[in-house]
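Number of protein chains: 2
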Amino acid sequence: MKNYRPKNRLTSKAYIDGILEGDRVILSRAITIIESNLESDKALAKEIIQAILPVSGNSIRIGITGVPGVGKSTFIEAFGKYLITKGHKVAILSIDPSSQRSKGSILGDKTRMEELSNLENAYIRPSSSGETLGGVANKTAETMLLCEASGYDVILIETVGVGQSETAVHGMTDFFLLLMLSGAGDELQGIKKGIMEMADMVVINKADGDNIRNSELARLQYQNALHIFPQSESGWTPVVTKASSIKNTGIDTVWDEVLKYKKLVLENGYFEKNRNKQNIRWMYNNINDALKQLFYGSANIKQKLLDLENSVVSSEISPVKAAQTIMESFKKHLTNTTSK
Amino acid sequence: MKNYRPKNRLTSKAYIDGILEGDRVILSRAITIIESNLESDKALAKEIIQAILPVSGNSIRIGITGVPGVGKSTFIEAFGKYLITKGHKVAILSIDPSSQRSKGSILGDKTRMEELSNLENAYIRPSSSGETLGGVANKTAETMLLCEASGYDVILIETVGVGQSETAVHGMTDFFLLLMLSGAGDELQGIKKGIMEMADMVVINKADGDNIRNSELARLQYQNALHIFPQSESGWTPVVTKASSIKNTGIDTVWDEVLKYKKLVLENGYFEKNRNKQNIRWMYNNINDALKQLFYGSANIKQKLLDLENSVVSSEISPVKAAQTIMESFKKHLTNTTSK
Numbered sequence: 001m002k003n004y005r006p007k008n009r010l011t012s013k014a015y016i017d018g019i020l021e022g023d024r025v026i027l028s029r030a031i032t033i034i035e036s037n038l039e040s041d042k043a044l045a046k047e048i049i050q051a052i053l054p055v056s057g058n059s060i061r062i063g064i065t066g067v068p069g070v071g072k073s074t075f076i077e078a079f080g081k082y083l084i085t086k087g088h089k090v091a092i093l094s095i096d097p098s099s100q101r102s103k104g105s106i107l108g109d110k111t112r113m114e115e116l117s118n119l120e121n122a123y124i125r126p127s128s129s130g131e132t133l134g135g136v137a138n139k140t141a142e143t144m145l146l147c148e149a150s151g152y153d154v155i156l157i158e159t160v161g162v163g164q165s166e167t168a169v170h171g172m173t174d175f176f177l178l179l180m181l182s183g184a185g186d187e188l189q190g191i192k193k194g195i196m197e198m199a200d201m202v203v204i205n206k207a208d209g210d211n212i213r214n215s216e217l218a219r220l221q222y223q224n225a226l227h228i229f230p231q232s233e234s235g236w237t238p239v240v241t242k243a244s245s246i247k248n249t250g251i252d253t254v255w256d257e258v259l260k261y262k263k264l265v266l267e268n269g270y271f272e273k274n275r276n277k278q279n280i281r282w283m284y285n286n287i288n289d290a291l292k293q294l295f296y297g298s299a300n301i302k303q304k305l306l307d308l309e310n311s312v313v314s315s316e317i318s319p320v321k322a323a324q325t326i327m328e329s330f331k332k333h334l335t336n337t338t339s340k
Numbered sequence: 001m002k003n004y005r006p007k008n009r010l011t012s013k014a015y016i017d018g019i020l021e022g023d024r025v026i027l028s029r030a031i032t033i034i035e036s037n038l039e040s041d042k043a044l045a046k047e048i049i050q051a052i053l054p055v056s057g058n059s060i061r062i063g064i065t066g067v068p069g070v071g072k073s074t075f076i077e078a079f080g081k082y083l084i085t086k087g088h089k090v091a092i093l094s095i096d097p098s099s100q101r102s103k104g105s106i107l108g109d110k111t112r113m114e115e116l117s118n119l120e121n122a123y124i125r126p127s128s129s130g131e132t133l134g135g136v137a138n139k140t141a142e143t144m145l146l147c148e149a150s151g152y153d154v155i156l157i158e159t160v161g162v163g164q165s166e167t168a169v170h171g172m173t174d175f176f177l178l179l180m181l182s183g184a185g186d187e188l189q190g191i192k193k194g195i196m197e198m199a200d201m202v203v204i205n206k207a208d209g210d211n212i213r214n215s216e217l218a219r220l221q222y223q224n225a226l227h228i229f230p231q232s233e234s235g236w237t238p239v240v241t242k243a244s245s246i247k248n249t250g251i252d253t254v255w256d257e258v259l260k261y262k263k264l265v266l267e268n269g270y271f272e273k274n275r276n277k278q279n280i281r282w283m284y285n286n287i288n289d290a291l292k293q294l295f296y297g298s299a300n301i302k303q304k305l306l307d308l309e310n311s312v313v314s315s316e317i318s319p320v321k322a323a324q325t326i327m328e329s330f331k332k333h334l335t336n337t338t339s340k
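One line per chain: the protein sequences are A and B, in this order.
Under UniProt numbering, the first sequence has 237 at position 237, and the numbering climbs by one with no breaks.
Under UniProt numbering, the second sequence has 263 at position 263, and the numbering climbs by one with no breaks.
Don't take every hint at face value.
Output of the computed footprint for chain B on chain A, the stretches with three or more beta carbons under 8 Å from beta carbons of chain B [claimed, not checked]:
| hint | stretch |
| --- | --- |
| 1 | 48-61 |
| 2 | 260-267 |
| 3 | 302-313 |
List time: in silico BS3-like cross-link candidates among lysine-lysine, alpha-carbon distance up to 30 Å [to be verified]:
| hint | chain 1 | residue 1 | chain 2 | residue 2 |
| --- | --- | --- | --- | --- |
| 4 | B | Lys332 | A | Lys331 |
| 5 | B | Lys277 | B | Lys292 |
| 6 | A | Lys277 | B | Lys331 |
| 7 | A | Lys273 | B | Lys263 |
| 8 | A | Lys86 | A | Lys292 |
| 9 | A | Lys302 | B | Lys292 |
| 10 | A | Lys332 | A | Lys304 |
| 11 | A | Lys304 | B | Lys277 |
| 12 | A | Lys332 | B | Lys302 |
| 13 | A | Lys292 | B | Lys263 |
| 14 | A | Lys46 | B | Lys331 |
| 15 | B | Lys292 | B | Lys273 |
| 16 | B | Lys321 | B | Lys292 |
| 17 | A | Lys273 | A | Lys262 |
| 18 | B | Lys263 | B | Lys273 |
| 19 | B | Lys302 | B | Lys292 |
Here are some chain B residues pointing at chain A (derived, C-beta under 8 Å) [to be verified]:
| hint | residue |
| --- | --- |
| 20 | Asp41 |
| 21 | Leu306 |
| 22 | Ser329 |
No lab work stands behind these hints: they were computed from the structure.
Ideal Cβ positions, reconstructed from N, Cα and C, are used throughout, including at glycine.
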């Protein structure tokens, strides 16, 4: 395999040792291998991950979401700096499958976290680009493992609050934090359905100046509203607090709640149970994505599906029959291609 | 095909004519064909569905859910009787993939809707049995089409409020109704996460006697809480009302709200848009189920998956690599079986 390695690649041992020693430059280069689509890099990535897997996992993984404008970067900057003063090593990652197209990833815009990114114990890595959410999520999750192996004990994973990526982040983190603004009860803030129910904590951000009173009202409103949600399997009751990232208030409370949560779920066994479940689900998500790729990746199938969609909408064929029709031609297609 | 037909089967034309004429006996026998797993019946079912498809769809489809004990059967009995006095023909179906095992389907227990089931314009059909939710949902959805073709203009589809079947019912209905009890704000009532957000209407049931005041409090609490949910694509704001199925109060309000909803979504185009989207999603759900069946149905794969799950949990292999490993052996398996 070494023969096919691009010139600027190290040996797998050099990457693994560098990561374990906490070498940030090597960590960055290793993440580049994870994100690469070159076949030789994929093999190298597998070797690296396989080697660091047993020493990964030793962190608290926090998902952070909220719509654009809620002050996510500023919050992460304040929260990250606070964590570092408490002696933690903090890695900040993101899942944003759209960043490739829009170039709008908040984390890509490092200037907005300038102070944090200059700190020794902070490691900031923007979202990898990729065509599918599944692909991007895989890369972020593997990057997380590398960061953990490199000694980062708090992982913050940011998402943009408007798409499917929240579910992906929720599926790879221990604690899910939703940032909101005051005066939002009736405005709904563009948060996708279902995201509210994932939250372990809601933080009313920008609770400063003239906004303090409204923020407290919003806090009470959300706190009451969260009561109608079904109890989470973790046994944790979601909390709502307010914070100002600019005035640096309420940031310590967020961490206190994370620690309370961690204590609870370590004691009741949910922490480990959830991590195991997440890993198994991660495997199945990959399998299901691959299965779909096998089917929907075929140009032949794609054209047939468009025709069938039209026939279904015009009631010419029932959805069940349409599915049977295309599955038959898929099986034929498999036979033809695999027996060649 | 006629040669292979079981003796007690009619011709497809006889079923189709009977359904279109509103013959309840023929309708029931046709639904039995839909539910049958005999190959000859499957072909017959396809013929029937294909023929009635163009005249199906002319109804309002209402999903009704709530945990056991909320008084669903009594509510449906009261609601159904009310609709019939208003001149409607009402079909009551259910999705309960567990009924096969538990024999506990509420609709299976017809005695609990005795009065309703004796009415000329009510048609009650318990959940079909089946091994998978997808299979059961297909049969219920096709049964719905047959009922519509037979002149039923209100379809009530009941589900049990504790599993995945709510999503299936939500995916095949125009309006989703959640039944709750008073005093439930903090008790959470065992409703699954995400179901609350699907509701177009929440009805606090059993609002009678000593319970009236608590029901009004619960109504206000839910109404306030629903404000924090994101706006639905339909443009409809969910309403919360109270009702007593026994005292027969608030039942008319439920129907009034359904009519308001229907007027709104017919005017803003969401009704048709949603039906089209549901049909297309129904096709894709069937395709994805079939793809999964192709993979997970293999005994060879099943054993390998169990081994891989263990390796993933013990961090011997990463979830991504585990998925790649099994996909490779699946592709080999396909080649072997299809080239034979």
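Any hints this thing doesn't respect? Which numbers, in order? 2, 7, 8, 13, 20, 21, 22
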